[in-house]
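This is what each chain is made of:
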Amino acid sequence: MEDFLIPISIILFSAIRVATPMIFAALGGLFSERSGVINIALEGLMLAGAFTAAVVTYELSNPYLGFLAALAAGGLVALVFAVAVIKFEADQVVAGVGINFLMLGLPALLSGAIYDASGSTEQIAKEYLLTPWFNNTISPASILAFLLVPVVVYVLYKTPFGLRLRAVGENPEAADAAGVKVLAMRYTGVIMSGVLAAAGGAYLAIGQSSFFTRGMSAGKGFIALAALILAKWRPVPVLLACLFFGFTEAIAIQAQGADFLKNLFGGDVPVQFIEIIPYVLTIIVLAGFIGASRAPKALGIPYRKEK
Amino acid sequence: MKLFREAIYPLIAVILAFAIGGVIVLIIGDNPFAAFWIFIESSFGSVKGITETLFYATPLIFTGLAVAVAFRCGLLNIGAEGQLYVAAFATAWVGIKFGGTIVNVFGKQEDWSWVSLPAILLIPMCIATAIIVGGLWGAIPGYLKARFGSHEVINTIMLNFIAIALVSYFTQYYYKVPGDPILQTAPIGEAAHIPQLNQFLPFIPETVALNVSFLIAILMCVLVYVFLWKTKWGYELRAVGQNPDAAEYGGISPKKQIVIAMAISGALAGMVAIGEVLGFRHNYYDGFSGSWGFFGIAVALLGRNHPFGVLIAAIFFAMIIRGGLFIDIDTKYITKDLVEVLQAVIILLVASLQKYTK
Chain Y
10 MEDFLIPISI ILFSAIRVAT PMIFAALGGL FSERSGVINI ALEGLMLAGA FTAAVVTYEL
70 SNPYLGFLAA LAAGGLVALV FAVAVIKFEA DQVVAGVGIN FLMLGLPALL SGAIYDASGS
130 TEQIAKEYLL TPWFNNTISP ASILAFLLVP VVVYVLYKTP FGLRLRAVGE NPEAADAAGV
190 KVLAMRYTGV IMSGVLAAAG GAYLAIGQSS FFTRGMSAGK GFIALAALIL AKWRPVPVLL
250 ACLFFGFTEA IAIQAQGADF LKNLFGGDVP VQFIEIIPYV LTIIVLAGFI GASRAPKALG
310 IPYRKEK
Chain W
3 MKLFREAIYP LIAVILAFAI GGVIVLIIGD NPFAAFWIFI ESSFGSVKGI TETLFYATPL
63 IFTGLAVAVA FRCGLLNIGA EGQLYVAAFA TAWVGIKFGG TIVNVFGKQE DWSWVSLPAI
123 LLIPMCIATA IIVGGLWGAI PGYLKARFGS HEVINTIMLN FIAIALVSYF TQYYYKVPGD
183 PILQTAPIGE AAHIPQLNQF LPFIPETVAL NVSFLIAILM CVLVYVFLWK TKWGYELRAV
243 GQNPDAAEYG GISPKKQIVI AMAISGALAG MVAIGEVLGF RHNYYDGFSG SWGFFGIAVA
303 LLGRNHPFGV LIAAIFFAMI IRGGLFIDID TKYITKDLVE VLQAVIILLV ASLQKYTK
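Residue numbers (this note's numbering), protein chains in the order written: chain Y, 10 to 316; chain W, 3 to 360.
Next comes chain Y alone, as it looks inside the complex (with noise of 0.2 Å):
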């Protein structure tokens, strides 16, 4: 009993840390998505705070600090992103993939400028990261993500502002004609989206590792997406589809060298297959196979006002 008890424990906290930054992430393409902007450059904001946050935790000692300034690149990478989709109007997922691989060379091309290491930037000294809380256990960043989630409920459903978010992205023509800013509310969308993001990435880089390198969000971005549209753009279940999905990568992370896993699949387990879960579950949910999946109705749709 013992020795099924611990691993299950571990799994436990595993599935926590693995699904922080993806509960981020995806609580932030909930916001632009809800407001109709497609966000596949989830995996490229995080980067953008993961590399942020590396460099000011690095040069200013201070890990807060630097996960302040990653919620501030990533909402500045986004209003990249906002002004191509919203302002010029173009394909929003050829911008994303566009966000997406200026993430991947950047920040590697700017730490082979400042540390001359190439895509990694330095080594953060232990006390300067963002450690867990209760008995090295659960990262504030897993404990704020956690509380999002609750705000997010709030400000969705219960705030004018979660109010016009929800209405420019289902019906902008009527949010327009009701008075709603609808680029206004589309650009804000999408730059939360990139906040938080960046603050997935940022506990990539200074809570779960100590450094930056080149593309280490690995698909965490696009897992996040798929957690999005598995939840049906709804912020709890976002939050249990991220969990679950930790879950699977935690058991994934485990199954190498866990004896009672191998008793109970009779054998190695194929990583592989576990890291697919995610992805075969979206194509179903997709498909509408567990209930109707309803995308915001105006997703993907740039607004031109009537003149």
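Hints are computed from structural coordinates only; laboratory data are not their basis. Watch out, some of these pointers could steer you wrong.
[What the hints assert, rightly or not] With a Cα cut of at most 25 Å, we get these calculated PhoX-like pairs of lysine-lysine:
no.: 1; chain 1: W; residue 1: LYS258; chain 2: W; residue 2: LYS232
no.: 2; chain 1: Y; residue 1: LYS135; chain 2: Y; residue 2: LYS306
no.: 3; chain 1: Y; residue 1: LYS241; chain 2: Y; residue 2: LYS306
no.: 4; chain 1: W; residue 1: LYS232; chain 2: W; residue 2: LYS4
no.: 5; chain 1: Y; residue 1: LYS96; chain 2: W; residue 2: LYS178
no.: 6; chain 1: Y; residue 1: LYS190; chain 2: Y; residue 2: LYS167
no.: 7; chain 1: W; residue 1: LYS234; chain 2: W; residue 2: LYS258
no.: 8; chain 1: W; residue 1: LYS4; chain 2: W; residue 2: LYS110
no.: 9; chain 1: Y; residue 1: LYS190; chain 2: W; residue 2: LYS357
no.: 10; chain 1: Y; residue 1: LYS306; chain 2: Y; residue 2: LYS96
no.: 11; chain 1: W; residue 1: LYS357; chain 2: Y; residue 2: LYS314
no.: 12; chain 1: W; residue 1: LYS357; chain 2: Y; residue 2: LYS306
no.: 13; chain 1: W; residue 1: LYS257; chain 2: W; residue 2: LYS234
no.: 14; chain 1: W; residue 1: LYS257; chain 2: Y; residue 2: LYS306
no.: 15; chain 1: W; residue 1: LYS232; chain 2: W; residue 2: LYS257
Put chain W on the given structure of chain Y with help from the hints.
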């Protein structure tokens, strides 16, 4: 005049991208003109440079065409990466199973093949595999869109991850030579190798892996052009892309066209395997693609979704990729990551200028 209108915005985007890239290079502390000269010098300054550039352009032509065909039907295929991965693995599998591959397992010779076919049968079989498997993997999101209305962008993103995980699984557990530290399959049979061009053209250096697949890529540019603009099928496909409702009213089934367009798109992406597996690496190598599937989006955008535009854009991006290898060595601070920055800026600019071209 029409050509000018088509070419002017891509040109503006490229010039602006180099200006922005130049400012970044300047801020970092290198000379932008020297940096950009490296791109031109290393890719067009010698026979070796030119032929290497064409070698790098080959996969980009295929993925650029793949994205362009889907786009002409109103679809955004960002799944070329996954399509080329499954196709490459399947091609290598056929090359092993039908190519008489004998593997050295800890000093013992093991025959991993079923049969050893001659080149005249094996090469067409391998090429057909690349096309069919890529096409089938591409048809999945097409079918999902036609049948359930689910968005092809999300599905292709998800299928990329699934494809890469699956082929990595099969490589790791079934087709890797035991003891090999690298995640790659056993080599394909020699009968499956397609010739490199230096075998016919002695002026091409022996080290350049430019192979017959480049000629196939050029041929595909012509075929895609003929298909899209000179055949009834191409007309129907484009009609759906321009206005699905009007097309349906005119008796064309948009659902059928969506599946066909995605299958063709996937097949074109899968053809990357011809050059990489049969012409260059001679096995499946995990992670062999330099994001070519995603580069294909940039290539198609810059090439205005026209096969000949794609050809020019692919060579242009190949120049940047080739130059990236030298920029690491020949500049003080700039690394090859500049390649992705330039690519990203071009994508963002072309996409942003799009609305002025209508």
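Consistency of the hints with the structure:
1. For the suggested pair LYS258 (chain W) and LYS232 (chain W), the alpha carbons sit about 19 Å apart, so the restraint of at most 25 Å is met.
2. At roughly 47 Å between alpha-carbon atoms, LYS135 (chain Y) and LYS306 (chain Y) are farther apart than 25 Å, so this suggested pair is violated.
3. Restraint check for LYS241 (chain Y) and LYS306 (chain Y): the C-alpha separation of about 12 Å stays at or below 25 Å, so the hint holds.
4. For the proposed pair LYS232 (chain W) and LYS4 (chain W), the alpha carbon gap of about 19 Å is at most 25 Å, so the pair holds.
5. Distance check on the hinted pair: LYS96 (chain Y) and LYS178 (chain W) sit about 51 Å apart at the alpha-carbon level, beyond 25 Å; violated.
6. Our distance criterion of 25 Å between C-alpha atoms is met by LYS190 (chain Y) and LYS167 (chain Y), whose separation comes to about 19 Å.
7. For the given pair, LYS234 (chain W) sits about 14 Å from LYS258 (chain W) by alpha-carbon distance, which is consistent with the 25 Å threshold.
8. Of the supplied pair hints, the one linking LYS4 (chain W) and LYS110 (chain W) is violated, its CA atoms being roughly 65 Å apart against a limit of 25 Å.
9. Our distance criterion of 25 Å between C-alpha atoms is met by LYS190 (chain Y) and LYS357 (chain W), whose separation comes to about 22 Å.
10. Under the criterion of a C-alpha separation no larger than 25 Å, the hint pairing LYS306 (chain Y) with LYS96 (chain Y) is consistent with the structure, at around 20 Å.
11. Proximity of LYS357 (chain W) to LYS314 (chain Y) is assessed by CA-CA distance (about 15 Å); at most 25 Å being required, the pair is judged to hold.
12. With a CA separation close to 22 Å, the supplied pair LYS357 (chain W) and LYS306 (chain Y) stays within the 25 Å bound.
13. A C-alpha spacing of about 17 Å is found between LYS257 (chain W) and LYS234 (chain W), which places the hinted pair at or below 25 Å, so the restraint holds.
14. Straight-line distance between C-alpha atoms of LYS257 (chain W) and LYS306 (chain Y) comes to about 21 Å, which keeps the hinted pair within the 25 Å bound.
15. Restraint check: the Cα-Cα separation between LYS232 (chain W) and LYS257 (chain W) comes to about 22 Å, which is no more than 25 Å; the hinted pair holds.
When the structure is compared with the earlier hints, violations turn up for hints 2, 5, 8 and for no others.
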